[in-house]
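A.B. asks: All chains should be built: construct the whole structure from the sequences, respecting the hints.
Chain by chain, the residues run as shown.
There are 2 protein chains.
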Amino acid sequence: LVRRAVTRILSPGTTLAANQLDAQRNHYLCALTLDKAGLHAAWLDLSTGEFRVATDARPENLLPVLTALDPAELILIEGDLERWKTAPHDQSAIHALHAFCEPRLCTDLPGYHFETAEGLRTVTTILGVLNLQGFGLAHDHPALGPAGALVHYATENLCAKPENLRSLQEYRSARTLLLDPATLRNLEIFQSSRGTRDGSLLSAINRTGTAAGARLLERWLAAPTLDLAEIQRRSALVGELLADPLHLGELREWLDNVRDIPRILGRLQNRLRNPRELGGIRDTLSQLPAIRATLSAFGPNSQLSSLNSQLEELPSLLQLLTSALADALPNDLADGNYIRAGHCPELDRLRSLTTDNKTWLSDLERGEQERTGIRSLKIKFTNNFGYYIEITKANLHLVPPDYIRRQTTVNGERYVTEDLRTKEKEIFHAEENALAREQALFAALVAAVLDESIALARTADTLAELDVLAGWSVLAREWDYCQPVLDEGDTLEIIEGRHPVVEQMLKDPAVAAGRGTTSFVPNDTLLSSTDAQLALITGPNMAGKSTYIRQVALITLLAQVGCWTPAKTCRVGLVDRIFSRVGASDDLARGNSTFMVEMNETANILNNATDRSLIILDEIGRGTSTYDGLSIAWAVVEHLHRDPERGPRTLFATHYQELTQLEKHLARLRNFSVAVKEWNDEIVFVRRVIPGAADRSYGIQVARLAGLPITVIDRAKVILQKLESDDTSVELPSAA
Amino acid sequence: LVRRAVTRILSPGTTLAANQLDAQRNHYLCALTLDKAGLHAAWLDLSTGEFRVATDARPENLLPVLTALDPAELILIEGDLERWKTAPHDQSAIHALHAFCEPRLCTDLPGYHFETAEGLRTVTTILGVLNLQGFGLAHDHPALGPAGALVHYATENLCAKPENLRSLQEYRSARTLLLDPATLRNLEIFQSSRGTRDGSLLSAINRTGTAAGARLLERWLAAPTLDLAEIQRRSALVGELLADPLHLGELREWLDNVRDIPRILGRLQNRLRNPRELGGIRDTLSQLPAIRATLSAFGPNSQLSSLNSQLEELPSLLQLLTSALADALPNDLADGNYIRAGHCPELDRLRSLTTDNKTWLSDLERGEQERTGIRSLKIKFTNNFGYYIEITKANLHLVPPDYIRRQTTVNGERYVTEDLRTKEKEIFHAEENALAREQALFAALVAAVLDESIALARTADTLAELDVLAGWSVLAREWDYCQPVLDEGDTLEIIEGRHPVVEQMLKDPAVAAGRGTTSFVPNDTLLSSTDAQLALITGPNMAGKSTYIRQVALITLLAQVGCWTPAKTCRVGLVDRIFSRVGASDDLARGNSTFMVEMNETANILNNATDRSLIILDEIGRGTSTYDGLSIAWAVVEHLHRDPERGPRTLFATHYQELTQLEKHLARLRNFSVAVKEWNDEIVFVRRVIPGAADRSYGIQVARLAGLPITVIDRAKVILQKLESDDTSVELPSAA
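In order, the protein sequences belong to chains A and B. Per my numbering, residue 1 is the first one in the first sequence, and the count goes up by one each step. Per my numbering, residue 737 is the first one in the second sequence, and the count goes up by one each step.
The hints are simulated quantities; they were obtained by calculation from the structure and are not laboratory data. Where hints are given, some of them may not hold.
As the list claims (entries may be wrong) - Straight-line Cα separation of at most 25 Å, PhoX-like style, residue types lysine-lysine; simulated pairs:
no. : chain 1 : residue 1 : chain 2 : residue 2
1   : B       : Lys1161   : A       : Lys425
2   : A       : Lys425    : B       : Lys1114
3   : A       : Lys722    : A       : Lys677
Stated by the list, open to error - Computed list of chain B residues with no C-beta within reach of chain A, every gap over 12 Å:
no. : residue
4   : Cys842
5   : Arg1085
6   : Gln1105
As the list claims (entries may be wrong) - Pairwise CB distance ranges, derived in the manner of DEER restraints:
no. : chain 1 : residue 1 : chain 2 : residue 2 : range
7   : A       : Asp531    : B       : Asp1260   : 51 to 59 Å
8   : B       : Ala958    : A       : Arg194    : 17 to 25 Å
9   : A       : Thr355    : B       : Thr1158   : 30 to 38 Å
10  : B       : Arg930    : A       : Pro644    : 40 to 48 Å
11  : A       : Glu346    : B       : Ala1180   : 47 to 55 Å
12  : B       : Arg1085   : A       : Arg366    : 40 to 48 Å
13  : B       : Arg930    : A       : Asn301    : 50 to 58 Å
14  : B       : Asp1260   : A       : Arg194    : 34 to 42 Å
15  : A       : Arg340    : B       : Ser1022   : 54 to 62 Å
16  : A       : Glu253    : B       : Gly931    : 36 to 44 Å
17  : B       : Glu838    : A       : Arg194    : 43 to 51 Å
Computed from a predicted structure; not experimentally measured. The beta carbon of each residue, even a glycine, is placed where N, CA and C say it ideally should be.
C.D. replies: Following this line, the structure appears as structure tokens:
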């Protein structure tokens, strides 16, 4: 009796048979879902173990990628294909998606296989990991649904778990330098580790004078471009501005008077309108001739002239607003008096009525004073009662009989006369008509502004850019920054680089007192994917290792946003991602220990770094036992160096002195250390990075500086001596 | 020729000669400054090296301490003594200070010796440290001025630096359990490490229903009392409330309607008055009979009866507010209509005038409709124009000749008549008088409330306390907390303790999915100053060491604020400070590396812990080289254990397995580990803390779980094997 069981179901997407596979190309199985958040896709090649997810709010961005993959089989939620086919025909993206799926083999699965939570479980199980942070993926990434369906389908068809799935990568478009949240936090780009803006890179390089400029700077930092021409354009503009400090100063003064046009336009478009906003448009437009003249002063060959040409002066709009709007403007439409006298004859006429009436009132007051002989007689006004004549108690006996008593107050009586009543009506009437007229004129002005909203928005964008660039010029002058050279090469060369934030902090007397110095010691860096790829930095605590490696990352980032850099010279071969793993914090509520967080971040780097990436790693392997940590750090170094030709440019700071021996085995690894002078058992930090490995860590001396009791320090020294004398210097296994 | 130089200047405060010193007592030199921030003092005993600073906003709090010290010599800013003597005589604190100084030897120094920045420099230099964080002192502590003057004076008089100054302690009053900022942050008391309230201890144990209750809870957590009777009182009250869920539920419902009396009183006192605030007083008072009845239901012997007796129902005030205030109250005094009809006959009369007038107006409207035959005729009102008759365009030909035209609108005309004008005046008059009357009545009500402000404030405080305690009862029931036993002993015994925050987090499906479980594994703890003083905890990463040691600190804190605790049973000998050193972060801008921060925090603990303190230390020595770190961790353990009899209760989690050997040498050290099951090179976390040392750290398995590439993992295993086979197990030097 032969027992028979299904051992494998063949489908075009899951076949592994060599004769069915074209060795030259990948052979993808792909799952897709579409929801309000966009198109979510997962694909895997069972033959190579390549496994990726992608998501995009706009299906049209993702479809070209999927088309290029040319998947052999698609996994869809049952009914989706039909739904897409019958979508309203203005939904062109859905129709494009349908057109992509239609000619291919599509397999339907029930919707519950595509649920995100289910996908997370399936995917972590198949990869044998606790969470997906090591792959840079959040636990609710919307493509986990399709990824789970994919794994489920593959498992069913193989009748076993696909064993070669080892990592999951997110596909991203390649147009910006990527900075993951851990790196933004570690490098203190937008806020310092204390959670304040102060102490961040953003605040250190922000010299903008306008709100729109500050926002643009934040956008540039959040998504640095990879477009070499654009970077060079910005950097060159900074140079031009910097070269003419006189006109730069002028330009910044003009920019100071520029108002927040994008926000004003937004409010006007959303019917939140007040006269002062219109004044903002007027005041900004009135700066433009001066700004354009100043820009022209940089010369006709200047790159600034192309920015200049994007500024639209809109002279007729300016003329209209200037002639129509009063100099001082109220915030509230109901306050009136925002239209300038002379702009509208009808309005002027209505206003003059009011003025005439006011004159009439003061004539009346004087006349009544004379007639009654009451010197303190006053004509007053309240909202509730209108105009009245106020007579104090002492003078009540002088009140003439034609006065009509309206109200008694503590100090006297209030009267009206028939004349006053009639005039009151006239005044109210005139005021109301004037206000209505003003509001109609205002509406016309708003319409005129909104007619030019495109030109205004473009002009505002250009002003914001000028603001950022002019700010950077000032920054470069203040702190002696150099213009970086950017190219498509694989080198990173910094001569006398400084940490842009720490350098500025040191000028703060309180900080300087803590560090005992006010000047920052510059250091050089030379990295290259193909030569000095991996700098291994050893040296004592507090000597400046962390500052040094972060400074390299920050300088690179600054260069790629187009800013100048705190260095003597700087050359940057474009970097596609900056990764960092520094510091340590745990996340107990989510069940992640310090070491787990550290390993998650490290895994994310190893899984996603390319040859064009820049990696800074600070003390990998701290959170576990000595040998475990050393083994992991060692394997990580080897992994980053694994390609015989090239690898990501990496700065690796470590206390594992054992790793310095790897220089013998790894061709592109270079040892560096941070110099220290020792003097009478005390250490002096020189803060110079020099070639070669450090010999000691000086941890105990630093502990002494931190205030540890002297008995503890002395005892630690004894223990250390004993440990070191016992040590039979470990010989390392050579690289595999 | 004999060269002579001054070698020492003798003064009573700086003498070190044995015959001048009473060995039974300290011999203090003390410096004082007084400024707007309060009294700042520094004192040192050159004979013992004791060196302390203290500051208090109220000099009267610090003077008893200084008096007890009985300093032999005082250092003051020149002229201060004279200034204090001639202070205005209502400044009793200054006079007390003068009385303290006057009989003593006072030495004047110029004011610049007392500057804080100068003091920081002098003190760090004399102590040989980089900053004062290791002593728990901020760089701008106001007592650094006097401390600097003290050191300066001592140096001058000794003609050399005093050499025995090794640490600086801040004197603090001993009435509350101290939690330094690092511990508040590390234990996530008020906010989680992500900076959110969610995930903090505060949010986990907050079940209050009122704002005043939530504020009281925060105050209790920020400064837990050391008063055993008070702690036991709170804890017993929680028990009583818990025992009667029916009445507890009732009580919480009543409390939900209690308004924020302290804030309302504050605003009323500061003339920010609106009718709705008074309604808040009324609504709260009206809950009191029900609250008191519910509290009485807990029985006459209940401790709740003493709280009950602090609640003052103030029936006559409630009666007044209820009869005087309308049900629905406006926010603005000018809106009127907040005084109830029937409360004041005069007000009712004024209001009825208005009502009568309104009736007159509607009669007029009907009459005019009939007289003119215009059906659409309406009597209307605007603020600017008062009452008018509106006639639409179509009916203008029907307008009678006695109508006076006041205004033309798009749709018609507005008229008045003489009658209408006269009535309008009457209406305005009546309304104004009514409003004035209401405001006077309101002022009287406010005065009546403020007359009872002391009773109201006391009642509000009691309500807030009831709110916190009732909330804790609900918490204890929800999560099965036990009532801790508190005593003056030196034991800390927890059976089946749980982490209060993590336990609740695990019920969140998203978190539970990440950890693969929803139930928290409880663990026991037994510490005692004189027996099992120091628990050394080893075990793999991710196994739960950090969670465990933090849970012990949190349970202790909960017990000391009077809350019940997440455990089966819990006994706490009062703790005077909780110290923690966990996680790692650097502070590059201030020039502090991760290791420096770690050492600062450790130094603070070693310098300030007493036998009654609770210390949790997580992986001391991580940020430096292996042997340096091990030596320091080792010396720290020995230091904490140094007294042969007793020491602070300590939980010490570490990856230095070498330290487990210390159990042989240190009598009160106990080894524990967190259990793990190994299965097919995978590890399963059991999360049980068991006696005995761990044998491995499983760092590489955890790295695998974190998603590190499999090639890296495999290579790390090879390296580890090699390292371990080379290792000639280090033999440790025995304790000094």
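A.B. asks: If a hint holds in the structure, say so; if it doesn't, say that too.
C.D. replies: Hints and how they fare:
1. B:Lys1161 with A:Lys425: At roughly 15 Å apart (the allowed maximum being 25 Å), Lys425 of chain A and Lys1161 of chain B satisfy the hint.
2. A:Lys425 with B:Lys1114: holds, 20 Å
3. A:Lys722 with A:Lys677: holds, 24 Å
4. Cys842: Its Cβ never comes within 12 Å of chain A, the nearest being 30 Å, so this holds.
5. Arg1085: holds, 17 Å
6. Gln1105: Answer for Gln1105 of chain B: holds, closest chain A Cβ roughly 24 Å.
7. A:Asp531 with B:Asp1260: 51 to 59 Å: For Asp531 of chain A and Asp1260 of chain B the Cβ distance comes to about 58 Å; the hint holds.
8. B:Ala958 with A:Arg194: 17 to 25 Å: For Ala958 of chain B and Arg194 of chain A the Cβ distance comes to about 20 Å; the hint holds.
9. A:Thr355 with B:Thr1158: 30 to 38 Å: holds, 31 Å
10. B:Arg930 with A:Pro644: 40 to 48 Å: Hint holds: Cβ distance 42 Å, inside 40 to 48 Å.
11. A:Glu346 with B:Ala1180: 47 to 55 Å: holds, 54 Å
12. B:Arg1085 with A:Arg366: 40 to 48 Å: holds, 41 Å
13. B:Arg930 with A:Asn301: 50 to 58 Å: Roughly 52 Å apart at Cβ, these two residues keep to the hinted range, so it holds.
14. B:Asp1260 with A:Arg194: 34 to 42 Å: holds, 38 Å
15. A:Arg340 with B:Ser1022: 54 to 62 Å: holds, 59 Å
16. A:Glu253 with B:Gly931: 36 to 44 Å: At roughly 39 Å between Cβ atoms, Gly931 of chain B and Glu253 of chain A fall inside 36 to 44 Å, so the hint holds.
17. B:Glu838 with A:Arg194: 43 to 51 Å: holds, 45 Å
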